[in-house]
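J.: Top line first, the protein sequences correspond to chains A and B. Each residue of the first sequence is one higher than the last, beginning at 310 in the working numbering. Each residue of the second sequence is one higher than the last, beginning at 955 in the working numbering.
Hints listed in this document are in silico derivations from the structure and should not be mistaken for laboratory results. Honestly, I wouldn't trust all of these hints.
[Stated by the list, open to error] Computed from the model, here is a short list of chain A residues facing chain B with C-beta under 8 Å:
(1) 427
(2) 550
(3) 554
(4) 565
(5) 567
(6) 575
(7) 578
[Stated by the list, open to error] In silico lysine-lysine, DSS-like type, Cα no more than 30 Å apart, as pairs:
(8) 574(A) to 434(A)
(9) 1042(B) to 1012(B)
(10) 1180(B) to 1194(B)
(11) 1012(B) to 574(A)
(12) 999(B) to 1012(B)
(13) 471(A) to 1180(B)
[Said to hold, decoys possible] Per the computed footprint, the stretches of chain A lying under chain B, defined by three or more beta-carbons under 8 Å from a beta-carbon of chain B, are:
(14) 409-419
(15) 538-545
(16) 580-586
The C-beta atom is built at its ideal place from N, Cα and C for all residues, glycine as well.
Residues per chain, in single letters:
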Amino acid sequence: MTDTPFSFDKGESLWRQRVGDYFSRPSAVIVFILLVGLLFIAIFAPWIAPQNPYDLSQLDIMDGRLPPGSKAMNGMVFWLGTDEQGRDMLSAILYGLRISLFVGVVSTVCACAIGASIGVFAAYKGGKVETFVMRLVDLQLSFPAILIALVLLAAFGRGIDKVIIALIIVQWAYYARTVRGNALVERNRDYMEAARCLALPRSRILFNHLLPNCLPPLIVVATVQVAHAIALEATLSFLGVGVPVTEPSLGMLIKNGYDYLMSGKYWISTWPGLALVLAIVVINLVGDRLRDVLNPRLAK
Amino acid sequence: MLAYLIRRIGQALLVIAAMATIVFLSIYAVGNPVDILANPNADAKEMAEISARLGLDKPLWEQFGLFVWNALHGDLGRSFVFNEPALKLIIQRMPATLELAFVALIMSIVIGIPLGVWSGLKPDAWSSRAIMSGSILGFSLPNFWIGLMLILLFAVQLKWLPSGGRGPTTDVFGIPVSFLTWEGLRYLLLPAFTLALYKAALVVRLSRSGTREAVLQDYVRFARAKGLSPTRIVLVHVLKNIMIPVVTILGLELGSMIAFAVVTETVFAYPGMGKLLIDSIGRLDRPVIVAYLMMVVVIFVVINLIVDLLYAALDPRVRLQEAE
């Protein structure tokens, strides 16, 4: 990565300086801790959860639809109640969070990698390639993401892998557009000229020189986009075209509770929903803070 | 201008043709509707009969050719489930969705503009900060869950409003609408509010930035110098100027509202086009899915075309740029 003048003071790298900027506000630290906590819960759900909600031998249908705080036949306390099959909602939420975050993060990372590569290539090539790619991006972004994802999943069928593929197809265009905008500015800089004069291979110019300098806005977009992907996945699963019943995400849990909502059994839908909202809000707040830190126009 | 018009319309038709191909191929690539339509005890012969009756035994290219030919004649196929023209089913449900979208549009303006103007006038007040945080929530929270919570609060706990469905309708020029009676309106309130939230958040942001810009302008200073009351300056002078971008953007967003109604209609069991789409996906009723999607594609393309043409008519530079 090329150095900018800022990075010479006290030998501190630009990235380390930005990390310091991020944590200079107490609220940002709290939000970051919450995010780490959510990730921890998601990764270690099988070890934290009081029961394995998908091991049928651990479930007792007699425990079905108990309100929060009830005791199970075997003495276990269901702090958040149970669903219709006697599943502990707390455990189901921990597992659901795991699936939701997994889908959100994996689809975003893949979409970001694909979209950014296409965008940076288009900007570097210019001409017809660029026009074609950007027309495609414009066309795709003129239709709402939810509708494109719905069609894709109607065609693919259900499955975590299929949801991830659909979300990648829906999202790549954002990154292509973001990177291309930035790359248009960067490709005329001196260091690009220098790289070209050295006759470096094109792939090296693209990925070692141009792309790293387009990263900051990409990181901001990607962070917020993880939250969007999670919300979108939840919506699709609620509509019944997302994850399969055997691997329920938070959206699927909310859908399961929807049928019981009318009879006042609020907990089956409400708690997974709150977990979903918490995850989305925390990721958005981290994204907001990153935007402030990484935006050169707002820098002191 | 004529050359521009022809080129733009040509592009729009190209997009519709491309989308028709993609939609048809992706919907017809998967699943076998016969499995869902036939009764579980049907033998292979009966299954083959059903398949032949629906034209599913023909090779894909022949089905596609037939679809294109019929579509050009205004026929998007017959629903497998209802045995009625798919287009007719969708048009029957269209007034319900359009009514929902329009009521939501009005709600988002009525909620969004006052809040946006307020936070634009007093950007540092705590109330303004609360409004802005609220608008971030409106953007990022999953809409369907908000709908569920509204049902829980207003329908299940307080029992003020019905939890779903569409209220009694009255005919206006042959179109059934439900917003004319209080009973019908009660059914619309919750779904329309849910659908409006996202757009209201957008309106808050637009009118806030518009207001912040407007209050610095000379005409506001002049109005103040004339001794007009602050209320009049805001309600007459500022509001008039910020309405232009807000109305433009909302017009553009109408299409996405109709698309997003899919979610709202499912939550509130509201009998519109979106609910029909979700039910049809569940039943693999391909002609209805394809017809709905083609309908939405056409709506989007037409809205974008109108906007492009208006821009070109208003700004000659757009036309010249295109010609190069």
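J.: For each hint, tell me whether it holds in the structure or not.
T.: Now the hints, each set against the structure:
no.	hint	in the structure
1	427	violated (19 Å)
2	550	holds (6 Å)
3	554	violated (14 Å)
4	565	violated (12 Å)
5	567	holds (7 Å)
6	575	holds (6 Å)
7	578	holds (6 Å)
8	574(A) to 434(A)	violated (58 Å)
9	1042(B) to 1012(B)	holds (25 Å)
10	1180(B) to 1194(B)	holds (18 Å)
11	1012(B) to 574(A)	violated (49 Å)
12	999(B) to 1012(B)	holds (16 Å)
13	471(A) to 1180(B)	violated (64 Å)
14	409-419	violated (count 0)
15	538-545	holds (count 3)
16	580-586	holds (count 3)
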